[in-house]
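Trainee: Sequence:
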Amino acid sequence: MDRSDLQRTVESLRHQLRIQRVPISRSGGELKQYIEQHQPNDPLVNPVEKAR
Numbered sequence: 004m005d006r007s008d009l010q011r012t013v014e015s016l017r018h019q020l021r022i023q024r025v026p027i028s029r030s031g032g033e034l035k036q037y038i039e040q041h042q043p044n045d046p047l048v049n050p051v052e053k054a055r
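If you read the sequence shown in this note's numbering, its first letter stands for residue 4, the second for the next number, and so on.
Just so you know, these hints were derived from the structure itself, not from any lab. Warning: the hint list may mix true and false statements.
Claimed, not checked - Distance windows between CB atoms, simulated: (1) G31 <-> R11: 30 to 40 Å; (2) R6 <-> V51: 26 to 36 Å; (3) N44 <-> D5: 29 to 39 Å; (4) K53 <-> R6: 54 to 64 Å.
Yeah, the Cβ is synthetic: ideal placement off N, Cα and C, and Gly gets one too.
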């Protein structure tokens, strides 16, 4: 690796350190709640009727 590759790697690692981590036990529950709230309006789950 040359110097510029190492600098990019270090910058990427610094950026990753600043990301707020959330436990999967919490984010999984939030995701499930979001899906359940939006399911009635989801066109993939409830197809839109075709106009004739």
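Trainee: For each hint, tell me whether it holds in the structure or not.
Mentor: Checked hints:
no. : hint                    : in the structure
1   : G31 <-> R11: 30 to 40 Å : holds (32 Å)
2   : R6 <-> V51: 26 to 36 Å  : violated (55 Å)
3   : N44 <-> D5: 29 to 39 Å  : violated (51 Å)
4   : K53 <-> R6: 54 to 64 Å  : holds (60 Å)
Hint check: violations occur at hints 2, 3; the rest are consistent with the structure.
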